[in-house]
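For the protein sequence lines, the chains are A and B, in the order given.
When we follow the working numbering, the leftmost residue of the first sequence carries the number 10, and every step to the right adds one.
When we follow the working numbering, the leftmost residue of the second sequence carries the number 13, and every step to the right adds one.
Simulated from the structure, these hints should not be mistaken for lab results.
Worth double-checking, as some hints may not be accurate.
[Stated by the list, open to error] Each computed SDA-like pair below joins lysine to any residue, with the alpha-carbon atoms no more than 20 Å apart:
#  : chain 1 : residue 1 : chain 2 : residue 2
1  : B       : K129      : A       : R237
2  : A       : K250      : B       : P126
3  : A       : K191      : B       : P126
4  : A       : K191      : B       : K129
5  : A       : K159      : B       : H267
6  : A       : K69       : A       : W280
7  : A       : K250      : B       : E274
8  : A       : K362      : B       : L257
9  : A       : K326      : A       : E304
10 : A       : K191      : B       : A268
11 : A       : K191      : B       : G272
12 : A       : K254      : B       : A268
13 : A       : K362      : B       : A271
14 : A       : K254      : B       : P126
15 : A       : K65       : A       : D277
16 : A       : K154      : A       : F201
17 : B       : K129      : A       : V338
18 : A       : K250      : B       : Y122
19 : B       : K129      : A       : E236
20 : A       : K254      : B       : G272
21 : A       : K157      : B       : K129
22 : A       : K362      : B       : F15
23 : A       : K250      : B       : L66
24 : A       : K362      : B       : A282
25 : A       : K35       : A       : M276
26 : A       : K362      : B       : A260
27 : A       : K357      : B       : A271
28 : A       : K69       : A       : R86
29 : A       : K326      : A       : F104
30 : B       : K129      : A       : K65
31 : A       : K316      : A       : G288
32 : A       : K362      : B       : A268
33 : A       : K308      : A       : K112
34 : A       : K281      : A       : L111
35 : B       : K129      : A       : P253
36 : A       : K154      : A       : E304
37 : A       : K191      : B       : F149
Predicted, not measured: the structure shown is a model, and the values here were computed from it.
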Amino acid sequence: MRKLFAAAAAVALGLTASLGAQAADKTKVGFVYVGPVGDMGWSYQHDQGRQAIEKKFGDKVETTFVESVSEGPDAERVIEKLARAGNNIIFTTSFGYMNPTLKVAAKYPDVKFEHATGYKRADNVSTYGARFYEGRYILGQIAAKMTKTKTIGYIGATPIPEVVRGINSFMLGAQSIDPELKVKIIWINSWFDPGKEADAAKALIDQGADILVQHTDSAAPLQVAAERGVLGFGQASDQIKFAPKNQLTAIVDHWDEYYISRVQAVMDGTWKSEDTWGGFDKEMVHMAEFTNMPEDVAKMAAETEAKIKSGELHPFKGPIYKQDGTLVVKEGETLDDGTLLGMNWYVKGIDGKVPE
Amino acid sequence: MDFADALLVSIVTASTPLLLAAIGELVVERSGVLNLGVEGMMIMGAVCAFATSLTTGNPYLGILAGILGGAAMSLLFAFLTLGLVANQYATGLALSLLGLGFSGMIGENYVGTPGVKLPTLDIPVLSDLPVVGDALFNQDILFYIAILLVFFVSWLLFKSRWGLILRAVGENHNSAHALGYNVNRVRLYSVLFGGVCSGLSGAYLSLVYTNLWIENMTAGRGWIALALVVFASWLPWRTIAGAYLFGAVLILQFHAQGAGWEVPSQLLSALPYLATIVALVFISRNRTVARVNTPSCLGQSFVPDR
Numbered sequence: 010m011r012k013l014f015a016a017a018a019a020v021a022l023g024l025t026a027s028l029g030a031q032a033a034d035k036t037k038v039g040f041v042y043v044g045p046v047g048d049m050g051w052s053y054q055h056d057q058g059r060q061a062i063e064k065k066f067g068d069k070v071e072t073t074f075v076e077s078v079s080e081g082p083d084a085e086r087v088i089e090k091l092a093r094a095g096n097n098i099i100f101t102t103s104f105g106y107m108n109p110t111l112k113v114a115a116k117y118p119d120v121k122f123e124h125a126t127g128y129k130r131a132d133n134v135s136t137y138g139a140r141f142y143e144g145r146y147i148l149g150q151i152a153a154k155m156t157k158t159k160t161i162g163y164i165g166a167t168p169i170p171e172v173v174r175g176i177n178s179f180m181l182g183a184q185s186i187d188p189e190l191k192v193k194i195i196w197i198n199s200w201f202d203p204g205k206e207a208d209a210a211k212a213l214i215d216q217g218a219d220i221l222v223q224h225t226d227s228a229a230p231l232q233v234a235a236e237r238g239v240l241g242f243g244q245a246s247d248q249i250k251f252a253p254k255n256q257l258t259a260i261v262d263h264w265d266e267y268y269i270s271r272v273q274a275v276m277d278g279t280w281k282s283e284d285t286w287g288g289f290d291k292e293m294v295h296m297a298e299f300t301n302m303p304e305d306v307a308k309m310a311a312e313t314e315a316k317i318k319s320g321e322l323h324p325f326k327g328p329i330y331k332q333d334g335t336l337v338v339k340e341g342e343t344l345d346d347g348t349l350l351g352m353n354w355y356v357k358g359i360d361g362k363v364p365e
Numbered sequence: 013m014d015f016a017d018a019l020l021v022s023i024v025t026a027s028t029p030l031l032l033a034a035i036g037e038l039v040v041e042r043s044g045v046l047n048l049g050v051e052g053m054m055i056m057g058a059v060c061a062f063a064t065s066l067t068t069g070n071p072y073l074g075i076l077a078g079i080l081g082g083a084a085m086s087l088l089f090a091f092l093t094l095g096l097v098a099n100q101y102a103t104g105l106a107l108s109l110l111g112l113g114f115s116g117m118i119g120e121n122y123v124g125t126p127g128v129k130l131p132t133l134d135i136p137v138l139s140d141l142p143v144v145g146d147a148l149f150n151q152d153i154l155f156y157i158a159i160l161l162v163f164f165v166s167w168l169l170f171k172s173r174w175g176l177i178l179r180a181v182g183e184n185h186n187s188a189h190a191l192g193y194n195v196n197r198v199r200l201y202s203v204l205f206g207g208v209c210s211g212l213s214g215a216y217l218s219l220v221y222t223n224l225w226i227e228n229m230t231a232g233r234g235w236i237a238l239a240l241v242v243f244a245s246w247l248p249w250r251t252i253a254g255a256y257l258f259g260a261v262l263i264l265q266f267h268a269q270g271a272g273w274e275v276p277s278q279l280l281s282a283l284p285y286l287a288t289i290v291a292l293v294f295i296s297r298n299r300t301v302a303r304v305n306t307p308s309c310l311g312q313s314f315v316p317d318r
């Protein structure tokens, strides 16, 4: 217990020190996280990126983060505080921080802002996001190769374009191997409820799914997969520890290179407002080791990853049909980013409707 | 395990933590105290149970730690509301927030580590019964404790002298005091019992339901347990009905989605809550029953005359 309080005191002191002391030669970098750093998912991976900055630049930078900041008025207060504390660049890492970021940015024109997953920019506000759907295409291919029951279980958080795009990309990957494959989708309407995620996983297995895919944040579904002896994929970070014999691979959010390059740009004075939506090519999305599968499947997965990275393959290359059979993209073309960003329909082959 | 077995096991797993927390809070409220800190006590139970079982490798020590974690939080609540006569509503809310934050600090080093699973205890012969065998007779010790607690609380409240005193304190603390009973001591024991039950509930979450630790993993179950106490109109047996109804609707709506029912998933997700509200409406329509069972001094602090 005493150690705990000592640690807490140290953290508190460290925070005050980092906010108070202002060394002129140091580049100060601030981060705002929507969840706790210990969520092992979204916020955890952003914090890995922050640590990468510290590792890369050492004494030349000073980083601060504020975790579990809700996407409301609180966000504006926290962002403004970071700006006032003299941070040179501030990363706001959740969609709901969009307007607060822009509001604070207008007041502090000399501070650079980077907003994750948003679409509104300003002279001192950049946006960035990652093409996680590229990873989901590979999951689809692996699942199609590995399933024996021809039924895949898919756990979705909430039906926003990000998740729907992931399902479609997964399905297109699966159909490239087996056009007849079926996917059962359960929405839990929450990003974070390990209990419900586990319940949904059990329901899917009980209904015959032998591969689980998740687009929710905890390792609970993977743990259920391990208990019941089916296969699954990790989400946001490598979760192999929870299912050493059952995780096939995981889509890993990887912000290190991007964050380092942006901080470098601030140091060099070359930073300008941009929109970055990167995938394998920008190192923003990584795949965990392809394991618990035959060698030829792992080889195929690695080849697909390389092809997507080089641009040879696009998960949403035509022809793509909607559920009702209308053609969205002609042969030889790929779906444009605008349509991808607003995606609210399923591709052909998925039963059920996108919840409104 | 066939389909029906598996379905029942899932329902029991989803319901047990709610039942554990609700039966504890029921006793607390029967003594006239409203502790809104169930969520906070539960999450402390979860983190203590997880950390201890992982460190020692023994899930039963984990349960013990979960009990201690929940109990410690409830004693804090008792100190503030009974000792210092702080407002029970505000203190309970603060206890929930404190628990969520403090557990995150304790659990920092345990994130991303698989835990030690509580083993199931197979009751011979009975566990081979079709359909209900696995769900009822091949369960972990916490499930059996939950059921026994309902028997115990039912006996305690309505068949024992202790229960009579406890209910008297909850109904009219001035009369109970005039009769010579130590109102705040009775309430202290009740609050402590509530803390122990919430701790058990938290232990169930991190040792059985999902065998991992993540901040905020209770995800609102403490609040559902509070609603279940009202749903049960402060009668122990009805907490079982409430908890299992809630668990069953939750699991069945997932199955409905998986089976491809054309019903909006948001509506399905809201179903367990809707079902609880509808049941509440039916229960409260019978005003006499509702009024008879509601502890009259619920949420009121007691300061003895000097």
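These are the hints, each one checked on the structure:
1. Taking the CA atoms of B/K129 and A/R237, the gap is near 14 Å; set against the 20 Å cutoff, the hint holds.
2. For the proposed pair A/K250 and B/P126, the alpha carbon gap of about 7 Å is at most 20 Å, so the pair holds.
3. Distance check on the hinted pair: A/K191 and B/P126 sit about 31 Å apart at the alpha-carbon level, beyond 20 Å; violated.
4. Between the alpha carbons of A/K191 and B/K129 the distance comes to roughly 33 Å, so the proposed pair goes past 20 Å and is violated.
5. For the suggested pair A/K159 and B/H267, the alpha carbons sit about 18 Å apart, so the restraint of at most 20 Å is met.
6. A distance of roughly 17 Å separates the Cα atoms of A/K69 and A/W280; the hinted pair therefore holds under the 20 Å criterion.
7. Among the hinted pairs, A/K250 with B/E274 is inconsistent with the structure: their alpha-carbon atoms are about 37 Å apart, more than 20 Å.
8. In summary, the hint linking A/K362 to B/L257 is not supported, as the alpha carbons are separated by about 28 Å, beyond the 20 Å threshold.
9. About 27 Å separates the Cα atoms of A/K326 and A/E304, which puts this hinted pair outside 20 Å; it is violated.
10. At roughly 16 Å between alpha-carbon atoms, A/K191 and B/A268 fall within 20 Å of each other, so this suggested pair holds.
11. About 11 Å separates the Cα atoms of A/K191 and B/G272, which keeps this hinted pair within 20 Å; it holds.
12. Between A/K254 and B/A268 the CA atoms are separated by roughly 30 Å; this puts the pair beyond 20 Å, and the hint is violated.
13. A C-alpha spacing of about 13 Å is found between A/K362 and B/A271, which places the hinted pair at or below 20 Å, so the restraint holds.
14. Taken as a hint, the A/K254 and B/P126 pair is honoured in the structure, with Cα atoms around 14 Å apart against an allowance of 20 Å.
15. Taking the CA atoms of A/K65 and A/D277, the gap is about 15 Å. The hint holds against a cut of 20 Å.
16. Distance hint between A/K154 and A/F201 is unfulfilled; the C-alpha atoms sit about 30 Å from each other, more than 20 Å.
17. Of the supplied pair hints, the one linking B/K129 and A/V338 is violated, its CA atoms being roughly 49 Å apart against a limit of 20 Å.
18. Distance restraint check for A/K250 and B/Y122: the Cα-Cα separation of roughly 13 Å lies within the 20 Å cut-off, and the hinted pair is therefore satisfied.
19. Between B/K129 and A/E236 the CA atoms are separated by roughly 11 Å; this keeps the pair inside 20 Å, and the hint holds.
20. A distance of roughly 30 Å separates the Cα atoms of A/K254 and B/G272; the hinted pair therefore is violated under the 20 Å criterion.
21. The suggested pairing of A/K157 with B/K129 is violated, with an alpha-carbon distance near 29 Å, which exceeds 20 Å.
22. Restraint check for A/K362 and B/F15: the C-alpha separation of about 26 Å exceeds 20 Å, so the hint is violated.
23. Straight-line distance between C-alpha atoms of A/K250 and B/L66 comes to about 14 Å, which keeps the hinted pair within the 20 Å bound.
24. For the hint linking A/K362 to B/A282, the alpha-carbon distance of about 18 Å falls within 20 Å, and the restraint holds.
25. Distance check on the hinted pair: A/K35 and A/M276 sit about 9 Å apart at the alpha-carbon level, within 20 Å; holds.
26. Distance hint between A/K362 and B/A260 is unfulfilled; the C-alpha atoms sit about 24 Å from each other, more than 20 Å.
27. Simply put, A/K357 and B/A271 have alpha-carbon atoms about 18 Å apart, close enough for the 20 Å limit, and the pair holds.
28. Pair hint A/K69 plus A/R86 does not hold up; C-alpha atoms about 27 Å apart against a cutoff of 20 Å.
29. At most 20 Å may separate the alpha-carbon atoms for a hinted pair to count; A/K326 and A/F104 exceed this at roughly 27 Å.
30. Between B/K129 and A/K65 the CA atoms are separated by roughly 40 Å; this puts the pair beyond 20 Å, and the hint is violated.
31. At roughly 12 Å between alpha-carbon atoms, A/K316 and A/G288 fall within 20 Å of each other, so this suggested pair holds.
32. Between A/K362 and B/A268 the CA atoms are separated by roughly 14 Å; this keeps the pair inside 20 Å, and the hint holds.
33. For the hint linking A/K308 to A/K112, the alpha-carbon distance of about 48 Å lies beyond 20 Å, and the restraint is violated.
34. A threshold of 20 Å between alpha carbons decides the hint, and for A/K281 with A/L111 the separation of about 15 Å falls inside it, so the pair holds.
35. For the hint pairing B/K129 with A/P253, the CA-to-CA distance comes to about 16 Å; that is within 20 Å, so the pair holds.
36. Restraint check for A/K154 and A/E304: the C-alpha separation of about 12 Å stays at or below 20 Å, so the hint holds.
37. Of the supplied pair hints, the one linking A/K191 and B/F149 is violated, its CA atoms being roughly 35 Å apart against a limit of 20 Å.
Figure legend: structure checked against the earlier numbered hints; hints not met, in rising order: 3, 4, 7, 8, 9, 12, 16, 17, 20, 21, 22, 26, 28, 29, 30, 33, 37.
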